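*Asks:* Sequence:
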Amino acid sequence: MFELPCGVRLRAFRPSASSSSATSNTSIISDIDNIIGIYNDPTLAPLVTQRLLVPRGGKLKDEFQKAIDNDAEMFCIIESMPVSSSSTSSPAPAPTGQSPARRVAWDHDTPRFVGFTALWAGAERAHRHSSFSLVLLPEAHGKGVGTAVTRFMLDHAFVHLNTHRISLSAFEGNDIALTVYRKCGFIDEGRLRKAYWVGGQWKDYINMGILIEDWIEKEQVAGAPVRST
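Under full-length UniProt numbering, the sequence shown has 38 at position 38, and the numbering climbs by one with no breaks.
Honestly, the hints are just simulated from the structure, not real lab data.
Computed from a predicted structure; not experimentally measured.
The beta-carbon is built from N, C-alpha and C at its ideal position, and this holds for glycine as well.
There could be a bad hint or two in this list.
Unchecked claim - Beta-carbon label-pair distances, calculated as ranges:
1) 50 - 189: 17 to 23 angstroms
2) 52 - 142: 28 to 34 angstroms
3) 217 - 72: 26 to 32 angstroms
4) 1 - 70: 18 to 24 angstroms
5) 29 - 123: 31 to 37 angstroms
6) 65 - 142: 27 to 33 angstroms
7) 174 - 217: 21 to 27 angstroms
Put together the whole structure using the sequences plus the hints.
*Replies:* In structure tokens:
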């Protein structure tokens, strides 16, 4: 588990509700149910998936669980960490060269699911290439959470997982996500024009990537570990 200075923690995915999590809403709703809830939200779903907007249930749960088991190099549930529920352990330090993010003042007293993030290792991982994903609920928008989580995941991937390249795809219209990714150093590498249909319009599919060289330059890392590039 990683606690970030901004007031969220990244913890392991739990396949089902945990009765021991008395202080978390996951004692009632499992992680997978929270995730599928995003794909069933008509406002959020068009920003995170190309799937048609129809009710999703058991089949998507099984597909997502299989993807986490087989393809996720690192998959984390993002939970809010109100001050009253913070542990006594020290939070994970801010990425090298970065000032700690201001702590979010959450309007609730116990940890809550606010999203998920992952590094996906496909066949390209032999070339030290992973794919990144980040999904946040609206209540976590505009608080610096997206930027803090993205920077942490990049730092963790490049320093601890020996990653050389990280890629992602985002949908036209998801301006909040695109702003965060570009701010953190991702570079536009191309787009699929009018690749998906949403809300009665064709939208582009935007491909982005960041190399370890880009990350070092962006964050101005002093004394970064020597590695092959």
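*Asks:* Hint numbers the structure violates, sorted upward?
*Replies:* none
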